Amino acid sequence: MANRIQTLLGVDYPVVQAPMTYIARAELAAAVSDAGGLGMIETLTPQGRADLLRVRELTDKPVAANLMIQGWKADPSIVDTLAAAGVRHVFTSAGDPGLFTARLHDAGMTVVHVVGSLKGALKAADAGVDALVVEGVEGGGFKSLLGASTVVLLPLVADHVELPIIAAGGMCDARSAAAALVLGAEGVQMGTRMLASLESAVHANFKDAIVAADDSGTVLLAVPGNPTMRVLRTGLAARVAANDPEAELLGKITQLYFDGDMDASVANTGQVSSRIADVLPVSEIVQRTWKEIQTALAGAHSRTGA
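Residue numbering for the sequence shown follows our numbering, starting at 20 and increasing by one per position.
Not one of these hints is a red herring.
Subject to a maximum C-alpha distance of 30 Å in a straight line, what follows is the list of computed DSS-like cross-link-like pairs (lysine-lysine):
(1) LYS226 x LYS80
(2) LYS92 x LYS80
(3) LYS142 x LYS92
(4) LYS92 x LYS271
Hints listed in this document are in silico derivations from the structure and should not be mistaken for laboratory results.
Model, not experiment: these values are computed from the prediction.
Using the sequences plus the hints, can you model the full thing?
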């Protein structure tokens, strides 16, 4: 029997690929959707917006789009772009969900908003969104220094909001998905785990750095004048974290992502990198995450001694 996230998104497995700028491309999104999950296309870059159409050449399964509100609040025409591409599910983030939710609903789209606090969750619910992504501070990318971890934030939001929830931050396999369900979620979103997949277009150096990371392998960089980011503690990021006066935080991110130059910029990556031991096909990641939850829960039950 399908849960609310499966029904809302029309997927076999409520496993969502995170909307990573430059990386959330047509090939990766199509692979996730074909595996039964929900792939996603980023819309900040021209290439990403072109992929809203190109992904339809690769799959006929549901594919979502991300809308970063801060990047589009002055240009609501993005809603027309999404509608023209036949997008039915939009994940909004980084801004006030009230600015776009009604427009997206009027265009026939479901709206899932990403939050990192209880205050943000309540605001999104008041704005009328259909579901939430609740992301703890251990996730990669832009974060609040005051943010709570997923294990604290997820049940807190679930206790106060009736909307269906997708858990993000620390999600990479059936064990983390099982924990998310116990804490109140009905699906999971993965960024770092999808980065380290065969179908991800990022350079092997980036994938290898994720696989090699240990539990101190990421760092929150809070450099004045820049947003706080969780990144791999390697290359340029390691120098910034060590207060190297010659290390410039803003680098050439595409050279890192696609040319493999780990000194060119900083690599947005979650703490869950320490639990990723190999590069896998997307189909294996998606299907094993959901199909093996019962095994994970049975293992937990056996350890209770009941």
